[in-house]
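Number of protein chains: 2
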Amino acid sequence: MPASADINAISNGTITSPQGFSAGGVFIGLKTRGEDKLDLAMLVSDSPCSIGGVFTTSAIRSATVDLDRERVARGQARALIVNAGIANTCVGAQGYKDAEEMTRLAAEKLGLGAEDVLVCSTGVIGVELPMSLIRSGVTQIALDADGGPELARAMMTTDTHPKETAVSFAASTGQTITIGGVAKGSGMINPNMATMLSFATTDAAVDPGFLQMTVKAVADETYNMLTVDGDSSTNDTFLAFANGQAGNPVIDDRSPDSEAFTAALHQVCANLTRMLARDGEGATRLLTVQVDGARDAIDARKAALTIAGSPLVKSAVYGADPNWGRLMMALGRSGAEAVEEKVDLFVNGVCIMEAGTPIPFHRDAVVALMSGEQVDFRVSLNLAAGEATAYGCDLTEQYVIINSAYTT
Amino acid sequence: MPASADINAISNGTITSPQGFSAGGVFIGLKTRGEDKLDLAMLVSDSPCSIGGVFTTSAIRSATVDLDRERVARGQARALIVNAGIANTCVGAQGYKDAEEMTRLAAEKLGLGAEDVLVCSTGVIGVELPMSLIRSGVTQIALDADGGPELARAMMTTDTHPKETAVSFAASTGQTITIGGVAKGSGMINPNMATMLSFATTDAAVDPGFLQMTVKAVADETYNMLTVDGDSSTNDTFLAFANGQAGNPVIDDRSPDSEAFTAALHQVCANLTRMLARDGEGATRLLTVQVDGARDAIDARKAALTIAGSPLVKSAVYGADPNWGRLMMALGRSGAEAVEEKVDLFVNGVCIMEAGTPIPFHRDAVVALMSGEQVDFRVSLNLAAGEATAYGCDLTEQYVIINSAYTT
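As you go down the protein sequences, you meet chains A and B in turn.
My numbering puts the first sequence at residues 8 to 415.
My numbering puts the second sequence at residues 8 to 415.
Be aware that a few hints might be false.
Note: identical chains are not told apart, hence a pair may lie in one copy or across any two.
Think about it this way: if two alpha-carbon atoms lie no more than 20 Å apart in a straight line, the pair counts; the simulated SDA-like pairs of lysine to any residue are [what the hints assert, rightly or not]:
1) Lys309 <-> Thr64
2) Lys309 <-> Gly342
3) Lys44 <-> Lys116
4) Lys349 <-> Asp371
5) Lys349 <-> Gln101
6) Lys44 <-> His168
7) Lys309 <-> Glu394
8) Lys309 <-> Gly99
9) Lys104 <-> Glu380
10) Lys104 <-> Val346
11) Lys349 <-> Ala100
Derived from the structure by calculation, the hints contain no laboratory data.
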């Protein structure tokens, strides 16, 4: 990972911040609750795009995932249609037909071939899409170069706010390259993509093979290190579109800009990951768990995710309770190699255990540290050089309340 | 598994129901809360016992686990000392010393060698045992052939009530064989033994090798199929003592009574498993998930445990919400092979999905079915003959409340 010093945050950045992308959304009645009443949206590039994508690994998955996976394999696409409210999952063969029709409707509106359009759905499982509403809805979408925020709102389900970000950096050949992104999530979030949709756009010219490789690597370090409740979803999808309008030489793995591009996409996805974690269902605090000194990166990921995903750790974070015994419990069961006498623990930078021995600490001070909007645990295993960071949130009564009455 | 028709439940059965076992408990001040103020207890057999045991697989574990594992490997023991309130975990080298001293204190009281005594602790992690309280406490314990309930109470932590059971069956040679058991648990419960302690006794004569094998097999089908919150503990231990006082010929894997003995021990552990699940922290309902038709037993276990452990499924059970989409989501991410078009789902015996297609059902009727004390999901994968049952409970606001303020 190169230094991110030369990557600039764009204020009010969104998925239409890069050149040549337009988006827009409408409300057609798929969402039955929530203030933010948009539920169908489209994204389109003025010119053909390289495409990269990663998807849920669940055996039970939305038809949209199957369709998109086929089209992403071509390496090219130009547009996206997305709805929230209904997941188009567990509806039998009708699911694939409806997903295909959604791409055809979008393609007709845009004058493209259907194979140039990708599709995502999120919401309730087991309900067929009301295609008549979608048919008329597509004709009403107004696409605009400032339309990113409409798309971000239209993809929300139990999210309390839209998630958008963008960054830019200078290519070695002088052009300014912009990367924008949006995401939705909040429950059912866990490694392997969870009920999470995220889309990124860039005006960089990027080789499709390199883009696919980078999308996978960045997702593994960001979205796949996010855990809200251990539940993964049927629909998780992360898609990246690169339209080349910045005019830079095509970026591939031998390009001088490959590292900067990877770092910038990583920053977009890490920003969105933190937003997703902080907006976990019922969450009051962002939790990050950094593990270092692990036997290898795989062990570090296991340990970080297990700690960040532990209901007992998450409940303690909610109670601002420096209950390090639970961190040790979660570390112990994670499957990562750990030697009790070597473990150091830190809470928001304060060491509370050194070499496996608790350090007497001023309890009230640590409780105060943990009472803010973010709690950072660091676990040093002191075995080797494996490192990873996981993102999560606290577990609150509100999570249970939200999820015990979702369809009722 | 043989038919359990000839296994008889014993009313008010407990760990001292089999012949030749005594137990007793005292309060020495280790527990800081809870009504049930016993926290140190002992169990002893009048004669030597074969012994079997299984333990947590956590890399961070109590010194009691290391000590017991060494002693169980000998195949023989006669007594047990157990405390609740403090886990004797993450206290450095002092932990093993204190565990050893506890067995020495019990052995001196009983006139045994220390190596004939096993030890378990449960409670807060990272606090040293106050050995002076334990030294005087051991002398005050009154051992009695009716003392099982005192031991069951003394091992409780956040449990709301003690868990005890016993069954009997007739050996092929005519003797009545009794098996009794106790357990504690309630949070931090998940496969690989969780914060769970369970002890079983029997007056059968059992070969130590066969007993160890049976303990492992039964634990895999009962305690290791129990999930309350996905968190496993540092101290989990299941020990079985067989003293031979029933006078039966020694049971081993070629004995005509081997199947009946296994079935009876299974019934004791399954009874305790259901009691543990029903008493999960904050739980209002017992949840069982039966998976059949899986590719193999391993797939069936994965699917059953993932569904029973899913926070979204558990929240839906709390809300009496027949949200089958979440079952499909959890099935999909479990890693078990599943083909959407083949899956049948049942809620308390009512089919709500057949061959992957939801069956229109009278929602109010299913909500009413789910509003009782027990919710049973059955998932038929219709692929092959793999079967498993997992045990869990609903997720409630009360779980969060209990666990956000445990040490504070």
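Here is how each hint holds up against the structure:
{"no.": "1", "hint": "Lys309 <-> Thr64", "verdict": "both (18 Å within a copy, 15 Å between copies)"}
{"no.": "2", "hint": "Lys309 <-> Gly342", "verdict": "both (7 Å within a copy, 17 Å between copies)"}
{"no.": "3", "hint": "Lys44 <-> Lys116", "verdict": "neither (23 Å within a copy, 73 Å between copies)"}
{"no.": "4", "hint": "Lys349 <-> Asp371", "verdict": "neither (26 Å within a copy, 56 Å between copies)"}
{"no.": "5", "hint": "Lys349 <-> Gln101", "verdict": "between (56 Å within a copy, 16 Å between copies)"}
{"no.": "6", "hint": "Lys44 <-> His168", "verdict": "within (12 Å within a copy, 48 Å between copies)"}
{"no.": "7", "hint": "Lys309 <-> Glu394", "verdict": "within (10 Å within a copy, 29 Å between copies)"}
{"no.": "8", "hint": "Lys309 <-> Gly99", "verdict": "neither (35 Å within a copy, 24 Å between copies)"}
{"no.": "9", "hint": "Lys104 <-> Glu380", "verdict": "neither (44 Å within a copy, 42 Å between copies)"}
{"no.": "10", "hint": "Lys104 <-> Val346", "verdict": "between (54 Å within a copy, 19 Å between copies)"}
{"no.": "11", "hint": "Lys349 <-> Ala100", "verdict": "between (55 Å within a copy, 13 Å between copies)"}
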